[in-house]
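Can you build the whole structure from these sequences, using the hints too?
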Amino acid sequence: MILAVTNRPPMLWSIIFAAVFVVLFGYRPLRLYIIGPLRSRGSPVKADLTFADISLDDFPETAKERVNAIAQMLASAGFSAASHARCNNHQPNTELFQSIWLSPAEQMIAIVHVVRIQSPRGPQITTVCQLASEFDDGTSIITSDSIHRPVLVPDPKMDLVDWPGVKPPNLLLQLHRARVARLKDARRAVLPEPGAALAHVIEDNRKSMHRQVAAGYYWHDAPNYVYRTTLKGACLMRWRMLRPWKEIAYSRNERRLRAELEVIGLQRWHRGMST
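Mapping to the numbering used here: the sequence shown position 191 is 177, numbers consecutive.
Note that these hints are calculated values from the structure, not bench results.
Every value quoted in this text rests on a predicted model; they were computed, and no experiment measured them.
Some hints could be false.
As the list claims (entries may be wrong) - Keeping only pairs whose Cα atoms sit at most 27 Å apart, straight-line, the calculated DSSO-like set for lysine-lysine is:
#1 K170 - K153
#2 K193 - K153
#3 K218 - K153
#4 K218 - K50
#5 K32 - K193
#6 K170 - K193
#7 K143 - K232
#8 K32 - K170
#9 K143 - K193
#10 K193 - K218
#11 K218 - K232
Written out as structure tokens, the structure reads:
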């Protein structure tokens, strides 16, 4: 009887072994895939964005060189500035800067987004240039230089390709022009009036948030004028930023991008991107 008892692993040692295993091998995945989404559940996004007019000089200092290079490229390509604005109520500890440019001759809209997030490690700044051609049937062709893949539910009528971090910025415009020439077909391009450009972008954001609500990623907290992430949305959006889903999304975009660049002979400018 004594031998039988001592041969069994004591409950305390089993608990200790399990705890050590979780700490050594399981805590990081648990934190990334489970604890992180649970913590972000209910995170707010303002339902009604409020923008204030600014100038390019008011953009974050560390983003000015890139923003000015994009602005000079757009101006030389026949675009005119329609709006420079800042939004302070987008998300907590977040500022959104936008520069909107229009090309009536080519019926294109260019939007430069700069996001500044205040974190304990200091400000984190992301800059993205997006070129868009929108059509009268509600479809659009969009080309951007974002290094991050989208985590929200995309517009099914949008044809998006990213050329992550491409330099110089005129290469992005060359790619977009070639895509429009090849994919436009009989569609008629439409463009907002300069005075309505900011309202047009805000309306696009509103439609996007309605799409997230319909997909179950957010719910509308009307009394507080915000959208809040659901558990489903918090999990799926976080997981899309992690392996293996992040690599799958990057690989899918990389294949499309390489095919597009080969068509117009710009593949030598693309070195690929590590994830």
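Quick rundown of the hints versus the structure:
Between K170 and K153 the CA atoms are separated by roughly 25 Å; this keeps the pair inside 27 Å, and the hint holds. Between the alpha carbons of K193 and K153 the distance comes to roughly 31 Å, so the proposed pair goes past 27 Å and is violated. As the CA atoms of K218 and K153 are separated by approximately 37 Å, the hinted pair breaks the 27 Å bound. The suggested pairing of K218 with K50 is violated, with an alpha-carbon distance near 37 Å, which exceeds 27 Å.
Distance check on the hinted pair: K32 and K193 sit about 14 Å apart at the alpha-carbon level, within 27 Å; holds. As the CA atoms of K170 and K193 are separated by approximately 23 Å, the hinted pair is consistent with the 27 Å bound. A distance of roughly 23 Å separates the Cα atoms of K143 and K232; the hinted pair therefore holds under the 27 Å criterion. Under the criterion of a C-alpha separation no larger than 27 Å, the hint pairing K32 with K170 is inconsistent with the structure, at around 34 Å.
Annotation: proposed proximity of K143 to K193 holds, straight-line Cα distance about 13 Å (limit 27 Å). Simply put, K193 and K218 have alpha-carbon atoms about 20 Å apart, close enough for the 27 Å limit, and the pair holds. Restraint check for K218 and K232: satisfied, since their Cα atoms lie roughly 18 Å apart, inside the 27 Å limit.
Violation of the numbered hints given earlier is confined to hints 2, 3, 4 and 8; the remaining hints are satisfied by the structure.
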